[in-house]
Amino acid sequence: MNAIEVSELSKTYGQEIKAVDNISFTVDEGEVFGLLGPNGAGKTTTIKIITTLIKPSSGLVSVFGLDVLRYPQEVRQCLGYVPQAVSVDGDLSAYENLLIFSKLFYVGKRERDERIKFALDYMDLSQRADDLVKHFSGGMMRRLEIAQALVNRPRVLILDEPSIGLDPGSKKQMWKYIQKLNEEFKVTVLITTHDMMEADELCERIAIMESGKISVIGNPRDLKRSVGGEILTVKLSTNSVPSSLSARPTAVLGSLSIPPELGSIVSQEEDTLKIVTENGERAIPRIMDYFERLGYAVESVSLNRPTLDDVFMKYGKTSLERVGVYGEARTQRRAIVRHSR
Amino acid sequence: MRSTAIFGGSYISKFATSALTIAEMEARKIRHDSTELWMRSIQPALWLLIFGEVFNTIRGLAPGGIPYIEFIAPGVLAQSVLFISIFYGILIVWERDFGILTKLLSTPSPRSSIVVGKALAAGVRGIFQAIVIFALALIIGVNLRLDPLDVTGVFIVVVLFAMCFASLSMVLASLLKTRDRMMGIGQAITMPLFFASNAIYPVTLMPIWLQYVAVVNPLSYVVDAMRSMLLTGDYAKLPVDIFALLLSTLVMVSIASIALKRLIE
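Chains as they are written, first to last, in our numbering: chain A, 518 to 858; chain B, 84 to 348.
Don't read these hints as lab results, they were simulated from the structure. Owing to the predicted nature of the structure, the values given are computational and were not obtained by experimental measurement. Among the hints, a few may not be true.
[Unchecked claim] What follows is a list of derived Cβ distance ranges for each label pair:
| # | chain 1 | residue 1 | chain 2 | residue 2 | range |
| --- | --- | --- | --- | --- | --- |
| 1 | B | 345 | A | 634 | 32 to 40 Å |
| 2 | B | 337 | A | 743 | 25 to 33 Å |
| 3 | A | 529 | B | 260 | 18 to 26 Å |
| 4 | A | 634 | B | 230 | 44 to 52 Å |
| 5 | B | 345 | A | 635 | 37 to 45 Å |
| 6 | B | 114 | A | 696 | 33 to 41 Å |
| 7 | A | 634 | B | 121 | 30 to 38 Å |
| 8 | B | 345 | A | 696 | 19 to 27 Å |
| 9 | A | 831 | B | 117 | 57 to 65 Å |
| 10 | A | 530 | B | 129 | 34 to 42 Å |
| 11 | B | 114 | A | 631 | 22 to 30 Å |
| 12 | A | 630 | B | 337 | 31 to 39 Å |
| 13 | B | 134 | A | 530 | 48 to 56 Å |
| 14 | A | 545 | B | 337 | 38 to 46 Å |
Where a beta carbon is used, it is the ideal one built from N, C-alpha and C, also for glycine.
Pulled out of the complex, with its shape left as it was, chain A reads as follows (with noise of 0.2 Å):
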């Protein structure tokens, strides 16, 4: 069954501004899918549509089968949302925002002290239980946003830009977290992210998405199969040279080939080849094995492996680490944390 079914969604603002023009796509249950593209792309106003803080314009949005502008209140109870500021408040304790949340999703009032003790002892801050919350870290505050997902236990949960703001381990956390959330918990999660790491690493299948466009859905892994293969730079010794040719290396390096199943030669510089294969780390021995055996020393070899971001400069237009909007939206959440009050 679909999870979320999203057909030729458009938001528009006023006459001139598309904020999303014309999307479809669906969530499988039990799968992490992610919407990936720069701020402005209009990944939040997606997710504000489903999660029914915002009409659409035109085109249909469902959630497990039920239609967001019909049954708002139904499509919430199913739905766990964490926005991209800061969700719990401050001037409650961690407790005590679990406690509020689940009752007004109405959970039980005997699953919910049973799942509280649960939540903050799986998320690892039952220690905290009782102080406020404006006194904890960007990541514990994440993480009790998460625990509350463990409360209420929403079909699917919505994350918007999960790790802002958040440090390397922190991060690394969120992610575990999420995944474990999604594994054991079997909830469908959608999270929208510019951190294409992040999208490799969480996500089954990822939207690109600029100018509130999708450009393409995929998993990453074909994604970035999609874009060429693993591109392998070896240098070449030019004081290896065999003896029984000349002495300049162009010339010796001239009409140099490899067995297909190695790959093929791409470029050639001088001493340097660029070898596009399909499995880079398997193919270094053998391709070194080769060169050696044709008398050659090998000085160096690299891989490089096509990232989200190649992806996105062949299905988009700009390149997300040149949007330059990471820094900023961090920025952003520290304020906020810091003026917590």
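Since the structure of chain A is already known, use the hints to place chain B on it.
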């Protein structure tokens, strides 16, 4: 309704649960830190202790021969609740700036129950303030009727009044959207509301045009109701006062329920 089929339980009980939970949230916050509310008590205390005491020396300012300090006590009580609730929208804008408002609206709780809950939360703050002013008035020897029913009545009026103006404040927040503007508008409307009411002088002393303003000013009805319960025991106008207050509260809460979504768009 489909909701009954899916959640089980009635819509009304869910609505009440959500609204009370939001109010509980506020009560828990006050329990953790009530400094702000204590500081907010300073101003009404000064009105009572300085303004009240000074004008108390003028005979005949208050109608019916009651001492001025007794006349002004319900007015000051109403004023302090007005201040608390008119600035309540700032907290909403604050919660919007974090993700808390978005989060609240993404729960299955009906949107209007969140608004009613927030309005009730302002009522919780109003009750805290009322208790402080009550105690202060009694300490400085203001002669108030302490019949339990009357006191309960006053608290109900305080809650309704706070709900009414907190809702107005939420409507303003949905239009103005920033904390600074909310501060400005709050300052701009509290004093006119206060002076164009019967809080610190009887309506009969006002110029005619101001008397018309006082008639449509909800604050007048609130002060009137409080005076009849705390001072005179004359309930003749009480039904009108309560009706006017209920009506304006209902209207404001309804507008706020519709307006709130503007804040997160």
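Right, here's what the structure says about each hint:
1. B:345 <-> A:634: 32 to 40 Å: Given about 39 Å between the Cβ atoms, the range holds.
2. B:337 <-> A:743: 25 to 33 Å: violated, 54 Å
3. A:529 <-> B:260: 18 to 26 Å: holds, 21 Å
4. A:634 <-> B:230: 44 to 52 Å: For residue 230 of chain B against residue 634 of chain A, whose Cβ atoms are near 46 Å apart, the range 44 to 52 Å holds.
5. B:345 <-> A:635: 37 to 45 Å: holds, 38 Å
6. B:114 <-> A:696: 33 to 41 Å: About 38 Å separates the Cβ atoms of residue 114 of chain B and residue 696 of chain A, which means 33 to 41 Å holds.
7. A:634 <-> B:121: 30 to 38 Å: Holds: the Cβ-Cβ distance is about 34 Å, inside 30 to 38 Å.
8. B:345 <-> A:696: 19 to 27 Å: For residue 696 of chain A against residue 345 of chain B, whose Cβ atoms are near 37 Å apart, the range 19 to 27 Å is violated.
9. A:831 <-> B:117: 57 to 65 Å: Holds: the Cβ-Cβ distance is about 59 Å, inside 57 to 65 Å.
10. A:530 <-> B:129: 34 to 42 Å: violated, 48 Å
11. B:114 <-> A:631: 22 to 30 Å: holds, 25 Å
12. A:630 <-> B:337: 31 to 39 Å: holds, 36 Å
13. B:134 <-> A:530: 48 to 56 Å: Given range 48 to 56 Å: holds, Cβ gap about 50 Å.
14. A:545 <-> B:337: 38 to 46 Å: Cβ of residue 545 of chain A to Cβ of residue 337 of chain B: about 41 Å, so the range 38 to 46 Å holds.
Of the numbered hints listed earlier, those contradicted by the structure are 2, 8, 10.
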